[in-house]
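K.L.:
Can you build the whole structure from these sequences, using the hints too?
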Amino acid sequence: MLKRFFSAADVPDVQLLIDKAISYKHSPFADNTLGKQKTIGLVFFNPSLRTRLSSQKAAQNLGMNVMLVNAGTESWKMEFEDGAIMNGTTVEHIKEGAAVLGEYCDIIAVRSFASLTDREQDYREEIILKTEQYSGRPLISLESATRHPLQSLADMMTIREIIKKANPRITLSWAPHPKALPQAVANSFLEWAQRYGAEITITHPPGYELSEEFTSGIRPEYNQQTAFENADIVYAKNWSSYENYGASLAHNENWIITKKKMDATNNASLLHCLPVRRNVEIADDALDNVNSRVIQQAGNRVWAAQAVIGDILTELGK
Amino acid sequence: MLKRFFSAADVPDVQLLIDKAISYKHSPFADNTLGKQKTIGLVFFNPSLRTRLSSQKAAQNLGMNVMLVNAGTESWKMEFEDGAIMNGTTVEHIKEGAAVLGEYCDIIAVRSFASLTDREQDYREEIILKTEQYSGRPLISLESATRHPLQSLADMMTIREIIKKANPRITLSWAPHPKALPQAVANSFLEWAQRYGAEITITHPPGYELSEEFTSGIRPEYNQQTAFENADIVYAKNWSSYENYGASLAHNENWIITKKKMDATNNASLLHCLPVRRNVEIADDALDNVNSRVIQQAGNRVWAAQAVIGDILTELGK
Amino acid sequence: MLKRFFSAADVPDVQLLIDKAISYKHSPFADNTLGKQKTIGLVFFNPSLRTRLSSQKAAQNLGMNVMLVNAGTESWKMEFEDGAIMNGTTVEHIKEGAAVLGEYCDIIAVRSFASLTDREQDYREEIILKTEQYSGRPLISLESATRHPLQSLADMMTIREIIKKANPRITLSWAPHPKALPQAVANSFLEWAQRYGAEITITHPPGYELSEEFTSGIRPEYNQQTAFENADIVYAKNWSSYENYGASLAHNENWIITKKKMDATNNASLLHCLPVRRNVEIADDALDNVNSRVIQQAGNRVWAAQAVIGDILTELGK
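Chains as they are written, first to last, in my numbering: chain U, 48 to 365; chain W, 48 to 365; chain D, 48 to 365.
Take these hints with a grain of salt, some might be off.
One copy or two, either will do: identical chains are not told apart, so a pair holds if it fits within one copy or between any two.
Straight-line Cα separation of at most 25 Å, DSS-like style, residue types lysine-lysine; simulated pairs [said to hold, decoys possible]:
1) K306 - K211
2) K211 - K124
3) K85 - K72
4) K211 - K72
Hints in this document: simulated from the structure, not taken from any laboratory.
All values reported here derive from a predicted model rather than from experimental measurement.
P.N.:
Set out below in structure tokens:
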């Protein structure tokens with residue numbers, strides 16, 4: 048059973064958790080009293096659409112009460128530094144902020160993006176881990192600086208639905224984007240795909256190598272065309288540089304994923320976590336193609352969240 | 048039964064729908080399990096108070112889960128143009144945005160105001176109709192560029208409560224306002240009042256003629272005093288020019304509705320959709336008068352919404 | 048029974064209300080159908096975290112539906128002046144705004160902070176009292192310009208949990224803060240502590256005397272050290288000047304509450320309503336000490352709110 052959900056390392060058996068998610072997809076209300084009289088707090092230090100709605104729906108399917116906190120806009124600005132003299136703009140220390148949330152909620156789910164300015168700080172994951180520590184409640188990550196595990200679980204579930212074989216060949220492809228984005232989705236996808244048992248190829252322009260913590264030494268294939276050959280799944284995602292932390296390197300527009308490129312795969316399905324910049328990351332002809340499974344993948348976010356919350360509730364009820 | 052609720056044309060029998068709304072007013076919880084385990088998404092591209100609260104309450108009375116999306120502020124900026132190269136400020140295309148909402152919700156309710164800058168675009172109703180198209184779910188309009196049908200249904204219900212006779216004489220009167228407003232409420236009111244069977248008079252200063260699509264050739268009476276004579280109902284509302292699209296024409300302050308003007312009617316009741324600018328649109332002495340029924344009218348928003356949602360749920364359950 | 052909850056004067060028996068709060072703390076779901084099919088509107092003219100979450104949770108524990116209105120940001124700007132000609136920035140008069148809320152909600156809870164610019168206006172409490180008047184529903188204050196009664200009830204409940212004796216010695220101590228704050232929490236605390244039967248000492252720098260309406264002639268002790276001697280409870284709070292209305296007077300940084308100062312008390316517990324500026328109002332060594340009960344106090348906000356809402360629901364059900 049899950050005690051927290053921050054990374055793939057918290058999951059005893061990835062395939063069992065996918066089983067549970069698929070089971071909820073077929074019977075959404077099978078456990079509709081499991082969360083009765085329990086409250087989940089969804090805390091957003093950064094904005095969210097899919098994650099908020101899918102988590103809210105998952106919790107409601109389990110009979111829970113949901114409390115939303117838009118910590119970035121609606122409430123006070125939080126202080127995370129120990130010993131800070133708070134005579135500036137931060138209004139509440141995470142020590143109190145999280146402890147109070149812990150008083151009101153049985154489970155705390157938190158979103159906090161990477162700053163992309165301070166790599167060591169981002170990869171220490173202070174915001175989400177201090178929120179966990181001071182709340183004293185089981186934590187669910189709604190995307191942290193370095194990982195997006197609910198997305199990854201939905202990704203693996205979708206891959207299982209698409210491909211029956213045990214070791215699908217998956218290509219994670221960098222795609223262009225007008226704005227520098229965190230590495231969280233890509234990192235997390237790799238972490239989970241390895242646990243899933245996939246044969247993984249990573250392709251991106253030079254300079255976009257991800258942290259070795261997540262690639263486990265998988266060597267990037269710098270030729271996108273080569274990387275697409277024989278792929279069963281193409282997972283498209285932009286991320287900014289890890290080495291030159293947070294930077295977007297110029298002149299990689301030709302990395303856009305098109306139907307023509309997809310046609311050179313093993314009839315691969317196309318995944319993307321959304322939101323997607325049409326005709327920048329992926330061309331219309333690939334996104335509107337039958338092999339695009341991005342909506343199914345987004346729909347699966349509900350069942351992934353429900354499996355995780357359900358598992359934690361079961362653990363809490365012991 | 049309703050399959051969608053965008054305009055009066057979607058309603059097979061206006062009087063039956065009013066019956067249903069009045070019935071819910073007397074027995075709010077008569078169908079409190081009809082929406083069990085169903086979710087309605089309330090999507091606001093523009094802000095809302097009455098509409099959000101009344102729709103939320105109506106859905107809860109039917110046992111539904113409610114998910115709010117403040118699409119203007121809380122989430123990503125949406126792209127509506129086909130083929131757009133999304134390297135600018137829009138973050139998600141309505142194709143994905145609406146399809147994902149469709150994954151999470153059984154009914155999608157949307158508010159999207161007129162821009163008042165591009166008449167053809169506004170009257171094409173792209174935003175709300177594309178949201179309907181790509182979500183694949185029954186649509187409820189929470190006010191679109193050209194219509195506000197939940198308001199109009201509440202208006203007709205209130206008229207029925209006030210006046211028993213089948214063909215009440217209704218005067219729709221333009222009223223001054225410091226800001227240019229859409230034509231949606233006035234358009235929609237006319238569409239519904241004609242279906243209701245009312246004898247309609249429209250009065251406004253020259254230049255404020257509404258689209259013939261909604262007036263069906265009813266000639267405006269430019270003399271407000273004449274238009275008020277014999278009225279059973281005065282419906283006050285500001286709108287900007289359709290001809291000189293979105294413009295506010297100067298020097299019409301004397302169109303304010305006062306008790307003295309109301310006294311020249313057939314003891315008419317005064318309606319307004321709210322919010323109302325006191326002493327600009329309507330004088331205190333008319334609003335605070337017993338013949339003002341604006342609060343009753345706003346209260347009826349709940350029952351109008353409940354009738355519509357209830358009808359769509361019944362259709363979904365078939 | 049409570050008919051409204053604006054000040055301590057609305058409470059027939061403070062100790063009985065504390066009993067009820069403590070009883071809910073032990074049995075949160077004892078009355079979980081009391082609020083069935085009833086709706087509470089939580090209206091925030093100013094932002095909130097603890098108050099919103101604790102009120103929402105309390106209402107849900109009683110089976111109520113909750114409707115949130117962020118009146119400062121999400122909806123229209125309200126007009127409060129009678130006879131106003133609304134051709135400016137206010138979009139809706141409180142006469143309509145509150146009346147419509149009254150149509151949708153069975154209980155109206157409102158937060159509206161002091162302006163700190165116009166003392167007479169703030170202490171007239173126009174915003175909250177007009178909202179009550181025009182809504183026609185039982186009012187619960189979620190903090191008004193001059194009082195914060197849900198906080199005070201949680202404070203008294205916490206004091207009862209900590210100290211068994213009937214007349215605890217409580218010192219209300221001013222503490223430094225980088226921003227001018229309202230007097231509401233301090234005023235309200237004094238009002239309730241007197242009803243509770245406490246022996247009260249107030250300590251602050253000269254110039255921070257509170258309104259006599261709340262101090263009832265208790266003379267301030269300007270020497271903080273003297274005020275802490277023999278205290279069973281130290282209640283720390285910043286407030287701005289009442290005399291020089293809304294001002295923060297300079298050079299009082301040494302009023303910070305430290306462990307050393309706490310050590311000179313009768314082993315006193317430390318309370319604060321939160322959010323607290325660490326190392327400005329209270330030093331880390333006092334806040335992280337076992338005698339700090341601020342988290343317990345914040346947790347009690349739920350049970351205080353539940354006692355108040357529960358009592359009003361019982362009254363409504365008669």
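K.L.:
Does each hint fit the structure? Answer for all of them.
P.N.:
Here is how each hint holds up against the structure:
1. Taking the closest pair of Cα atoms, K306 and K211 come within 25 Å of each other only inside a single copy of the chain (24 Å); across copies the shortest separation is 63 Å, beyond that limit.
2. In the homo-oligomer, the alpha carbons of K211 and K124 never lie at most 25 Å apart, since the shortest distance is 47 Å inside one protomer and 37 Å across protomers.
3. Within a single copy, K85 and K72 get their C-alpha atoms as close as 22 Å, and across copies as close as 15 Å, so both meet the 25 Å cut-off.
4. Only within a single protomer do K211 and K72 lie at most 25 Å apart by alpha-carbon distance; the minimum there is 18 Å, versus 51 Å between protomers.
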